[in-house]
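Starting from the two chains in their separate frames, assemble the complex, guided by the hints.
Residue numbers (my numbering), protein chains in the order written: chain R, 344 to 808; chain Z, 35 to 94.
Read the hints as simulated data drawn from the structure, not as lab findings.
For clarity, every value in this text was computed on a predicted model and none was experimentally measured.
Hints may contain errors.
[Said to hold, decoys possible] In the DSS-like style, the derived pairs of lysine-lysine whose C-alpha atoms are separated by at most 27 Å in a straight line are: (1) K41/Z to K677/R; (2) K76/Z to K609/R; (3) K76/Z to K713/R; (4) K37/Z to K677/R; (5) K601/R to K625/R; (6) K72/Z to K609/R; (7) K373/R to K803/R.
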Amino acid sequence: MSESGFDFLTLATAAKAIKSKELSPVDLAKFSLEKIASLNPKLNAFLTVLADEALETAKRAEQEIQRGSYIGPMHGIPYAVKDIFATRGIRTTNGASIFHDNISVSNSTAVDKLNNAGGVLMGKNHCLEFACGDHNPLYGDVHNPWNLDHTPGGSSSGSASSVAAGLVFGSMGSCTGGSIRGPASFCSVVGLKPTYGLVSRNGVFPLSWSIDHAGPLARTVEDCAIMLQAVAGYDPKDPSSANVRIPDYVGSLAGGIKDLRVGVPKEFIEEADEEVTHLVEKAIQVLRQLGARIVDISLPLTGEYATASGNVITWSEAAQVHAPWIERLDEYTKGVRQKVLLGSVIPSGMYHKAQQLRRLIQREIGDAMKEVDVLVGASMGTPPGEIQPTVDGDVSAYNMVTRRSFSRPQNLTGQPAISVPCGFSKNGLPIGFQISGRLFEDDLVMKVGHTYEQATEWHKIHPTI
Amino acid sequence: MDKEIVKQLLLDAGITPLDEDINMTVDLLEALGEQMAKALPKLMENVEPHYIQPTRPEQI
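So here's chain Z without its partners, still in its complex pose (with noise of 0.2 Å):
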């Protein structure tokens, strides 16, 4: 993700960002995505996310 697209992010959240702001919101967000990647779609296929639990009947 680039600086612009972060900064513009993070004014859509309510925040206005110093240029440090970005730059590490950046390194951080691609350290994350690295780690990430790792996980290959094949992977993940057929994997329903996990959903705070538990259900409870009384909740619908």
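Bound-form chain R, shown alone (with noise of 0.2 Å):
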């Protein structure tokens, strides 16, 4: 296969490719390193680049596969981690100016366990700051490589951009109220949270223990369901890992929706604009077309507290998280340092209230979910924004806990959820539409993306930048 095929390859094909010997994982690993280093100046999309270690992991696994020794379809595929994924001996900064110079001890469990499964770590993509910031001075702004003046999303903003961008086949992120959707949304790729205990979090650094998620972004269901089959599984060292038994994701993806069940809550649509409205309403329109049943609902107390009971709990864990480093709570960015702020100050009887209603919130989609199979609804309520590298820190604050999240839901109910590419605004930029399901059903919220994918074209729509 020549260099000229190797962009924007889908993680699935240049996996068959490896497999076949068509493909030298060392010449892919060269690729991508060339396109970062082309790329990378424009979208500030990575914090540390590992080409020497890259192309060592490379070589070892075309020596591998040379002697028959293939592991998967991870086997050399060159993928990265958001800049919160512990990586031993490879520095590690959190976004943070106060990790500038951490170099982890040891590997976050999803590094280790894609590192196994014959991946080839080509560095650590630049996040907001601590899973929860905005501008960034010490570092930049990562671009969108739909439009550089716009946002990516975040926090898990260069995993999106790189892979958006084909720099790498897959990325790491993390979310706790939408991290890995939202960037996945305004770059027009796919961005899977799992089922809340499905992935270790070992070794990522916290933002809200109870609501933390990782889950891959690529640029198609299949790539991430590849990637989510890697990492996925027990892991002693989270206590919050559950002891599942994992399917086969791809096995899974084929088959159809027909007859399936989709839940349409009001809520998960009504607020956004326009746009996102339309493309999310054609969007439900092809899975009727492929053979869903559509069932309009509504999720009231989901609607009316979700925000509120994420944002409370979200600051007041964070503060915690942040305790040691509280006196140096001057080095950090106003937007970060004011959330702190807050969670220090919420009464236990605020944060208790707070997982009351999470409760009521579980309940109340738990029982929707006796009735449809999955939900659906948008992503972001708004295609990408412009870089507002100016907004002040307590703007940004005030915004997030007074406006509404899309996403917010799934991660108090730890539901799996799915955001994957449904069109582009009238600018050019990118929509997504998200599907959630019920707990450990990962496999059926991917099999329903990934049919909506293949009815339509948006995934093979690649940004020229």
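Below is the structure:
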């Protein structure tokens, strides 16, 4: 396979070519490194590039495959991780100035698993400061490959930007309120927040213990399924890890969605802007044409309280996460500092009330999902906005606690949820479509996403930078 | 929550707040409090809060 054919290959296609020895992992790693060298100055999607290490790993993978020791579809595949995943002997900044020179002493479990699956770690993706910041004066802003003046979303900003631009085949992100699905929506890639407990967060810098998730971003649903297969599974190092059977995620994608009951909660679309609503409704029509039964429902408690409950829990827990560095709070950017201050004064009564509301939201969605198989709606309320490095930290903190989030409910319930591309605004900016399911039915959520994706062309359109 | 209490809580947490920190924290807390206050006590009757899950036998 010639290098000109490498651009925007899917992970699944590259994996097949590597397995059949048509594609060299070394050539693929070199191509990825060249693309990073060429485009990262514009995108700022990588904080650390591991050129020498990646080439060494790729050479080892190539030798293993040549002697018949092919491991599986991640073998020889260039991937990246958000820079809050610990990587042994490699800098992990958490997007923060106080961790600028932090060298991890061990790998996060997800990195170990991807490496053991044969993946080639190309580097560490830029992310929002502590997975909750805004403009980052130390490391700069990440740019959206669809329009460099626009944000790729956050907090897994560099992950989405680098995958969309074809620098790597996939990247691991983390999500506390939409930090995987939001950037995926803004960059026209696929982002999966798996079921809470399915993917270990060991070695991933926390934001809010009871809501944090780790999951993959890739250019297709099948590629996400391949990455999830590598990283899913019980990990005693993560106290929230679930000991459950791991299905064949790629094998579960086929079969279609005829007669599947698709719930459309009005709260998952209302308040989205007109262009988003239009494209999400068109996506729902595609599901209908594919044989799904569309059921309009309402989740009033979720619509009313998910954002407030999520904010109270997130910032209360975040304040405790950051307690060890409280004396260095002046080195945080204003937006992050303000969120930690807020969390430090939230009364315990408010925190417990938020957890009661969370229970009510779980019940409401759980009851709804006795009548439907998946829920769909918008991933984000708008297309990506322009980068605004001068936004005041106070404004950003205030917006965060008052604006409805379409991705927050699934963090509170722990349900799996995926964002798949569903079109572009009139200005050519990406918009995503969200599908969520029952706990541990990540396979069904991906099946719906895959079936929709294969019936549309959005995943075949790539940015020109 | 008034500014003095917020200031004291921040001091207790090891933070030396500026006046603007206190003002903004009070504003944010009020915004969150207003949203949470919409959930009336009756709604919360007999609702056990969510805790981190899953529970596993070896934890006890």
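Hints versus structure:
Simply put, K41/Z and K677/R have alpha-carbon atoms about 18 Å apart, close enough for the 27 Å limit, and the pair holds. For a cut-off of 27 Å, the pair hint linking K76/Z to K609/R stands: about 25 Å separates their Cα positions. For the suggested pair K76/Z and K713/R, the alpha carbons sit about 25 Å apart, so the restraint of at most 27 Å is met. Among the hinted pairs, K37/Z with K677/R is consistent with the structure: their alpha-carbon atoms are about 19 Å apart, no more than 27 Å.
In summary, the hint linking K601/R to K625/R is supported, as the alpha carbons are separated by about 18 Å, within the 27 Å threshold. For the hint linking K72/Z to K609/R, the alpha-carbon distance of about 20 Å falls within 27 Å, and the restraint holds. Between K373/R and K803/R the alpha-carbon distance is near 23 Å, which keeps this suggested pair within the 27 Å criterion.
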